[in-house]
Amino acid sequence: MFFQDMTFELFMQHLTNGISLGSLYALIAIGYTMVYGILRLINFAHGEIFMMSLYFAFYGVAMFAMPWYVAFIVTIILTCLMGMLVERAAYKTLRDSPRITVMVSAIGASFFLQNLAVVLFGGRPKAFPTVGLFTDVLKIGTVSLQRLTLMIPIATMVFLWGLLYLVNKTKTGMAMRAVSKDHETARLMGVDVNRTITITFAVGSILAALGGIMWGMKFPQIQPTMGVMPGLKAFIAAVLGGIGNIHGAVIGGFLLGIGEILLVAFLPELTGYRDAFAFIMLIAILLLKPTGIMGEKISEKV
Amino acid sequence: MKRRNLALSIIAIALLLLFLIFADSSLDSYQKRILNLCAIYVILGLSMNLINGFTGLFSLGHAGFMAVGAYTTALLTMSPAIKEQTFYLEPIVAPLANLNMPFLPALLMAGILSAFVAFIIGAPVLRLKGDYLAIATLGFSEIIRIIFTNTQSITNGSLGLKSIPPHTNLWWSFGGAALTVIFMVFLIKSSYGKAFKAIREDEIAAESMGIGLFKHKMLSFVTGAFIAGVGGGLLGSLLGAINPNMFRFVLTFNVLLVIVLGGMGSITGTVISAFVVTSGLEYLRFLDETIDLGFIEIPGVAGLRMVVFALLLMMVVVFFRNGLMGTNEFSWDKLISFLKRKFPFKKEVGH
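Keeping their order, the protein sequence lines are chains A and B.
If you read the first sequence in my numbering, its first letter stands for residue 61, the second for the next number, and so on.
If you read the second sequence in my numbering, its first letter stands for residue 732, the second for the next number, and so on.
Incorrect hints may appear among the rest.
Derived list of chain B stretches under chain A, where covered just means 3 residues or more per stretch with a C-beta under 8 Å from a C-beta of chain A [said to hold, decoys possible]: (1) 870-876; (2) 987-998; (3) 1048-1057.
No more than 25 Å apart at the CA atoms, straight line, and that leaves these computed lysine to any residue pairs for SDA-like [claimed, not checked]: (4) A:K186 <-> B:R979; (5) A:K349 <-> B:R858; (6) B:K860 <-> A:D242; (7) B:K946 <-> A:I160; (8) A:K349 <-> B:D933; (9) A:K349 <-> B:E938; (10) A:K186 <-> B:V981; (11) B:K860 <-> A:R100; (12) A:K241 <-> B:I935; (13) A:K152 <-> A:A238; (14) A:K152 <-> A:L99; (15) A:K349 <-> B:P855; (16) A:K241 <-> B:K860; (17) A:K241 <-> A:R148; (18) A:K186 <-> B:D1019; (19) B:K860 <-> A:M289; (20) A:K349 <-> B:G943; (21) A:K229 <-> A:V253; (22) B:K1071 <-> B:I742; (23) B:K860 <-> A:H243; (24) B:K893 <-> A:G332; (25) B:K928 <-> A:P158; (26) A:K349 <-> B:E934; (27) A:K241 <-> B:L859; (28) A:K186 <-> A:A122; (29) B:K925 <-> A:T161; (30) B:K1065 <-> B:L739; (31) B:K860 <-> A:I160.
In short, the hints are calculated from the structure, not lab data.
If you're wondering where the values come from, they're calculated on a predicted model, not measured in any experiment.
Virtual Cβ for every residue (Gly too), placed ideally from N, Cα, C.
So that you can see chain A by itself, here it is in the shape it has in the complex:
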């Protein structure tokens, strides 16, 4: 039934596409999950930070004619600075405020960046530059793919390994884990809480920039509103996997990416509902297991 007109090649093509989309969701989702873990805050501006990174890369390569590797490094640095700036401006002053105030500030920051991008870069879509090394088409047997499609999951795994090393093996990582458990206690133990939070935002933004650059090469059309949907979906991926948990964000990202692509591949008549898939998954997981796949059970203290 399903497989009637689905050849093996086509299926492999969809699957690899799904895996690479999933990797991108995972990279963005980590940014959400780390910030949530440490501040209990949905960083709504994360999608916009991701969008900005695409514009930085675009201007680096297309306008300032930098070689792609220089442009990408500049992009990563700029995005990282921007993430820290957003934290400084929109969240730091509100550390002890009610949750809803911080959330409004987060949404405000996202709104601000989005409109700033319209003013600075114009509302019309731009074409992301192609880098031959990554975007050339590769043929494996009868399956033809962009090189990128294979590189994205591998690169993601490398970044992920680096991140896990940072979080689990270094002092900074230990501070992050301590702050995510309890701000006060961490402070008493001599952890500089504000610095740790800034580093968390920096790391999340670097991953968003890496995701953004790869996203731009895979889907080479950029516009100021493009951060919203990937941002929301990556957040859903984070919830799916259990928010606050890095492994969970990765699992959630892959599930969402692969699920979305395969849904459209097998049931083309549902293409219009592609974006709804993520939200349905979200609601399903919230109802069945609100703490997510990898989440720990949180007991409520009275």
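Chain B: place on chain A using the hints.
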């Protein structure tokens, strides 16, 4: 005291009526449109404040309810001939094609349908708390939008509905706003309102005092959705054209902005800030247009208005955390004692 306050209230209402008569007859259509928008935002703001501010449920699904309301009103008030013109890609489904109602029942239907949607969504979602609730309601509102984009034969898909009969005028919008304010004042004073506030302050304490959490949350959610549906209907009829993309998250954000600036849990605050925010957005429009200073022309930058607006919002959130009114309400007694403190000589004149 009581009598004085009543007299003052009657004077204030009379002044408002006089203003409306004046506005209706002598303001141009652009100014009327802004006033209409202000009043509709009062309705929308109050409906969201009931859920978020008074009951403490962090719901971000308002755009979805408004979409349901706007589409219901539009489809029920458009004449069969206009519907046939609008649905040129795919004809509208049979029962809707010839359905036509006056504005008031259409608005009520909009509210009822929206409340029904809220009831269905609320059953699973209201078990969640805090951020999870926020994200789940946001998800549902996006799902509603995506469904509306894809059901070509009911909502005309992404083409949207055009030439919606322009029923909304100052009387409808301000009448609706006034009714909503009165309803909210009585609701909040009632035992239900007290239960809502108790849930906002502390769920566990409220539950142990014998307040049915789920029932009251659902009640607040459904009532809020009803009002939001009516507000959406008024909005659709005012704008004359709607499409699913209007009901993105930005719309929810605008309403959230109104209630946060006004103060979560303050009816007065919402009313004031609905007017300030809506007219403020219009006044900032000059930023997008070219400014001619005679000797030099400053070219307008499209989108700058929203940048400035978002910046102002964040400054307000950062520096005035509780909004304009906090959880306080307006009363004549407070106003008079405030005036007496500010202008002490007036007291002597009065004696």
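TODO: Could you grab the alpha-carbon distance between K241 (chain A) and K860 (chain B) and see if it respects the 25 Å cut-off?
DONE: 20 Å, holds
Task: Coverage of the segment 870-876 of chain B by chain A (three or more Cβ within 8 Å) - done: holds (count 4)
Open item on the list: Does D933 (chain B) sit within 25 Å of K349 (chain A), going by the straight-line distance between their CA atoms?
Closed with: 24 Å, holds
TODO: For the pair we were handed, K946 (chain B) and I160 (chain A), check the Cα-Cα distance against 25 Å.
DONE: The hint holds at about 23 Å.
- [ ] Decide if the proposed pair is consistent with the structure: K928 (chain B) and P158 (chain A), CA atoms, cutoff 25 Å inclusive.
- [x] With a Cα-Cα distance of about 16 Å, the restraint between K928 (chain B) and P158 (chain A) holds, given a limit of 25 Å.
TODO: Please work out if K241 (chain A) and L859 (chain B) have their alpha carbons no farther apart than 25 Å.
DONE: 22 Å, holds
Task: Given pair status - R858 (chain B), K349 (chain A), alpha carbons within 25 Å - done: Judged against 25 Å, a Cα distance of about 12 Å means the pair holds.
Task: Proposed proximity, I742 (chain B) with K1071 (chain B) (alpha carbon, max 25 Å) - done: 20 Å, holds
Task: Given hint M289 (chain A) paired with K860 (chain B) - CA-CA distance at most 25 Å - done: 24 Å, holds
Task: Coverage claim, chain A over the segment 987-998 of chain B, checked by counting residues with Cβ within 8 Å (three needed) - done: holds (count 4)
Task: Outcome, coverage hint (the segment 1048-1057 of chain B, chain A; C-beta under 8 Å; three residues) - done: holds (count 3)
Open item on the list: For K860 (chain B) and I160 (chain A), compute the direct alpha-carbon distance and say whether it is at most 25 Å.
Closed with: Roughly 13 Å between the alpha carbons, so the hint for K860 (chain B) and I160 (chain A) holds.
Hint check: no violations occur; every hint is consistent with the structure.
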